[in-house]
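Undergrad: Here the protein sequences line up with chains W and S, keeping their order. Start counting the first sequence at 1; every next residue gets the next number (my numbering). Start counting the second sequence at 1001; every next residue gets the next number (my numbering).
Just so you know, these hints were derived from the structure itself, not from any lab. Here the structure is a predicted model, which is why all the values come from computation and not from measurement. Glycine included, every Cβ here is placed at the ideal spot set by N, Cα and C. Honestly, I wouldn't trust all of these hints.
[Stated by the list, open to error] To give an idea of the chain W side of the interface with chain S (calculated C-beta under 8 Å), a few residues:
no., residue
1, 115
2, 116
3, 118
4, 119
5, 121
6, 122
7, 123
8, 124
9, 125
10, 126
11, 134
12, 137
13, 138
14, 214
15, 215
Spelled out from the first residue to the last, the chains are:
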Amino acid sequence: MSSANPWLSWDYVQQHWPELLAAGREHLGITVAAVGLACAAAVPLALLARRVPRLTGAIVGMSGVLYTIPSLALISALWPVFGLTPLTVVIALAIYALLVIVRAILVGLAGVPDETVDSALGMGLSDQQLLWQVQAPLALPSVLAGLRIATVSTVGMVTVGALVGYGGYGTMILAGLNENFYHAKIATATICAIVLAIALDALLLLAERRATPWTRGR
Amino acid sequence: MTEPAAISLRDVAKTYPDGTVAVHALSFDVPKGRIAALVGPSGCGKTTTMRMINRLIEPTSGQIRINGEDIMAADPVQLRRSVGYVIQQVGLFPHRTIGENVATVCALTGWTPQRTAARVDEMLDLVGLDPSVYRDRFPHQLSGGQRQRVGVARALAADPPVVLMDEPFGAVDPVARDRLQEQFLALQRQLGTTVVLVTHDIEEAVRLGDRLAVMREGGFLEQYAEPGTVLRDPASPFVADFVGADRTIKRLALTPIDLAALAPVDPDAAGLPTIPADARMREALIVLLESPTGRAVVLAEGAPVGTLTLADVHRGMLSEEPAA
Chain W
1 MSSANPWLSW
11 DYVQQHWPEL
21 LAAGREHLGI
31 TVAAVGLACA
41 AAVPLALLAR
51 RVPRLTGAIV
61 GMSGVLYTIP
71 SLALISALWP
81 VFGLTPLTVV
91 IALAIYALLV
101 IVRAILVGLA
111 GVPDETVDSA
121 LGMGLSDQQL
131 LWQVQAPLAL
141 PSVLAGLRIA
151 TVSTVGMVTV
161 GALVGYGGYG
171 TMILAGLNEN
181 FYHAKIATAT
191 ICAIVLAIAL
201 DALLLLAERR
211 ATPWTRGR
Chain S
1001 MTEPAAISLR
1011 DVAKTYPDGT
1021 VAVHALSFDV
1031 PKGRIAALVG
1041 PSGCGKTTTM
1051 RMINRLIEPT
1061 SGQIRINGED
1071 IMAADPVQLR
1081 RSVGYVIQQV
1091 GLFPHRTIGE
1101 NVATVCALTG
1111 WTPQRTAARV
1121 DEMLDLVGLD
1131 PSVYRDRFPH
1141 QLSGGQRQRV
1151 GVARALAADP
1161 PVVLMDEPFG
1171 AVDPVARDRL
1181 QEQFLALQRQ
1191 LGTTVVLVTH
1201 DIEEAVRLGD
1211 RLAVMREGGF
1221 LEQYAEPGTV
1231 LRDPASPFVA
1241 DFVGADRTIK
1251 RLALTPIDLA
1261 ALAPVDPDAA
1271 GLPTIPADAR
1281 MREALIVLLE
1291 SPTGRAVVLA
1301 EGAPVGTLTL
1311 ADVHRGMLSE
1321 EPAA
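Based on the provided sequences and hints, a complete structural model is requested.
TA: As structure tokens, then:
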């Protein structure tokens, strides 16, 4: 049986190249959209917490509660609202990424040394200048580290989108299961998803390194 | 005190919403081009007092004027750009080069790049850091003492008439501190900057301050006077205790030699040690104590002008008005 239904098959890759590519595009697209949406929501929330520190607990707490909702349940809940569309998956995954990114921004801002903030204000930087010229660049490494974690975990979770037909490689894995355990299809799609995660991780790691040129070299 | 006041505090107080009084109503004037040293133990409100001058802390009552203008009438951000600011931890921007750090206020106030670049190099030179070596380095590549110099250069770069300094030389070793203090004093005299300096160290306050504001725990100003006056006539037991039992010894460092009271040059002065006429009593005393006869020749521009004895030092300390 195993010879007829191998896990790893180069023939499979060659014959299904267009399908793998299309699934990859969908997978990447949903990942980028979800993380992008999460950032778009996280930045204003984090800035709100910066302005009104009392809200920090509530914002992190709320994101934390959302994070605990099982992914299948969340997609099932969003499905009636947004239908069988990629949007359902994107919103669900953005909700998971939100907590990680909000926390990363808050940790980054908290990591800016007090004396740096004090001297910046003492020299006459306005609040916005303090934020964009001092706090944001110094928080960037932490933010990018959070973005990395959010991105890698999102790549993994996109597969759940197969439930509504938009799961990138997840859709292929689910199809493989339904096609009498089509081993090559399942394994190839899985490996592709892992490779995608590693590639994005490496890309963001590079960005993280480049974001702090001042810490290197004499 | 006839000199015009660059900074004037009138009944300035700070009470926090929970009722804690950080600073009780206090008043003092800092003459233009002078250094006022706020000195006292921790919790005496010296830093709070300083931070009210650039409105990092808003006074609850009273009035602060800088060159006659009420600071509460100014926009706080604009006010701070015209007041230099140095803190113990320096707070350089780690992501910006030394040159960019020094240029901070110049950039905020719209100097041209050429003028800023020239000023940055000039300031680095003034604090003893070769611009061609240090301009493009990042703060983490400098030693603590070098960073403090950069902090001073950054505060003075845009030529603020007034500078606030909180323990500016606190984070360096004693040898480097002596040198930094000396350089800073020369720089301040050259630029004519008015300075409010916060320190817990009475030695530093006496060395740098033209005026001493001695503060007590709870935010009370105990005495505001020239250092010599504080050392000779402490206003309260607290001040006497704070300046130390050796306050007379400290005062030696401030007291000049009274050239008019010197005995004529001995005919047998040949073997005696010498003292420059502009020396303070502290240096003179050391020379006298090491002199076998207890006498020394005072030299003005290389020529002997009189003989100094231990009795002169004693008389000087009893009668001498404090040095300006």
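Undergrad: Among the hints numbered above, which are violated by the structure, and what are their numbers in rising order?
TA: Of the numbered hints, all hold.
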